[in-house]
Each structure stands twice: as structure tokens, then as C-alpha cells.
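**Q** Sequence:
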Amino acid sequence: MARLLLTRPEADAAALAEKLRARGHSADIAPLLRIHVLDAALPNLNGTTALLITSANGLRAFAAKTAHRDLTVYAVGEASARAARAEGFTDVHAAGGDLHSLADLVTRLRKPSDGPLLHAAGETLAGDLVGLLCNAGFDAHGIALYKAETASSLPPAVAASLRAGEYRGVLFFSPRTATTFVRLVAESGAGDAVAGTQAFCLSANVAERIAALPWRGICVAAEPSEAALLAAMDRELA
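In terms of the working numbering, the sequence shown has 201 at position 154, counting the first letter as 1, and numbering is strictly consecutive.
Rather than coming from a laboratory, the hints here were simulated on the basis of the structure. What you are looking at is a predicted structure, and each value in this text was computed from that prediction instead of being measured. Hints are all accurate, no fakes.
Straight-line alpha carbon distances no greater than 30 Å define the calculated DSSO-like cross-link-like pairs of lysine-lysine that follow:
hint	residue 1	residue 2
1	LYS112	LYS194
2	LYS66	LYS194
3	LYS158	LYS112
From just these sequences and the hints, can you work out the full model?
**A** Shown next as C-alpha cells:
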């Protein structure tokens with residue numbers, strides 16, 4: 048059994064912690080991003096035929112603002128697809144875990160004449176999904192429905208456990224979370240203490256953001272999906 052640290056927002060981390068416990072591990076949660084749904088009103092959805100989702104947070108923010116569940120959902124990965132199904136959407140398609148795989152999925156399954164697309168997004172975008180699809184001839188628009196605020200400090204108990212070298216691994220799913228972790232670990236005086244800890248990263252881009260710390264090792268998922276990250280973690284911990 049390994050003791051692991053999760054840095055995802057609370058809702059995502061809680062679901063992931065259950066999967067880790069089912070594998071026999073223990074998991075502490077230190078959400079380094081806090082999600083706040085914005086007051087923004089949805090545009091008129093008449094004519095909109097599909098919803099684009101690049102995070103479960105965008106899906107949940109959209110679902111909180113409308114009872115519409117008749118839209119086709121194109122989700123960036125399986126985690127966000129599961130969130131869509133949990134909110135009552137039935138026509139849900141999952142891409143391979145990044146922006147380009149999502150754009151490829153849409154262009155493979157739809158024609159521009161099928162109707163407008165809406166990207167339910169956050170204030171901070173990791174790329175230009177709408178631009179990619181508009182360049183492919185689609186009528187695509189985006190709306191910011193939530194914002195993610197970075198944590199100002201690590202929970203005291205987590206900082207103490209990091210300084211004591213008690214974690215076998217830390218899981219990272221976004222560049223912004225990784226950058227925040229490096230800053231907060233330095234501020235807590237735990238930077239050198241991760242020398243015995245493994246970092247598990249969703250992508251090479253995420254791994255770059257935590258490379259300044261003296262990790263025991265940095266493991267990158269074979270593809271940007273939760274399943275691939277957990278598979279890599281299982282191999283390393285075995």
C-alpha cells in the first residue's frame with residue numbers, strides 16, 4: 048500500500064481517491080485549484096446541437112445553469128464524459144484526453160452543417176479549441192462558466208507529511224496545478240523533501256512544470272488520460 052497525494056480540485060480528487068483506495072492505497076487531498084461557477088448567463092441554446100467539454104468543471108457549471116440534456120456532448124476524455132453521463136446527458140463521446148484529440152473527434156463524427164457548437168469553458172484556456180473548429184468550417188463559440196483560483200498555501204498536515212517524506216507519490220493532472228505545487232512546496236520549506244517521492248504526470252507539459260524539484264522520479268502517462276496515468280502509477284508502485 049502506498050500513501051499518495053492528490054492535487055486536483057475537490058470534486059475530481061474525491062472520485063479519484065476512491066479509485067486509489069480500491070487499489071489498496073491511501074490518498075490525501077490538497078486541492079490546489081478551487082472552482083467557482085461564474086454568474087454568466089448561457090446564450091440562447093436554440094439551434095445549438097452539441098456541447099464541447101474540456102473539463103468536468105465546465106460540464107458541471109453548464110449543467111447547473113440549464114435543464115437541457117438533449118445536446119450531444121463531445122468530451123476531452125473519459126473523466127469528463129463520465130461527469131456528463133452523471134448529469135443526465137445520454138449522447139456522450141470521449142476523445143483521447145487533449146484538445147487536438149477532441150477537435151479530431153468532432154471533425155470525424157460531425158459535419159459543419161450539423162449545427163452550432165458551444166464550448167463550456169473556464170476563464171483560463173489551455174488552447175484554442177473554438178479556433179481549431181472554426182478553421183475546419185464549424186460554427187463554434189465558447190463561454191466562460193467557471194474560474195479556477197489557485198490555493199494560497201498547502202494544508203498544514205499535507206505540508207508536514209511532505210517535509211517528513213511520507214508520500215510515495217503525488218499525482219498531477221494540469222500544468223497550472225503543477226506550477227502551483229512547486230511554488231507552495233517551496234514556500235512551505237518542503238522542496239528538498241520530495242527526493243524520495245515519485246511524481247505521476249498526465250502529460251509531458253505537466254511534467255515540465257514540476258521538473259525543478261528533486262523528485263525520486265517523474266513518470267508521464269502514455270497518453271493524456273486518467274486511465275493511462277493510473278496504469279503508469281500501478282507499474283511504478285508495483
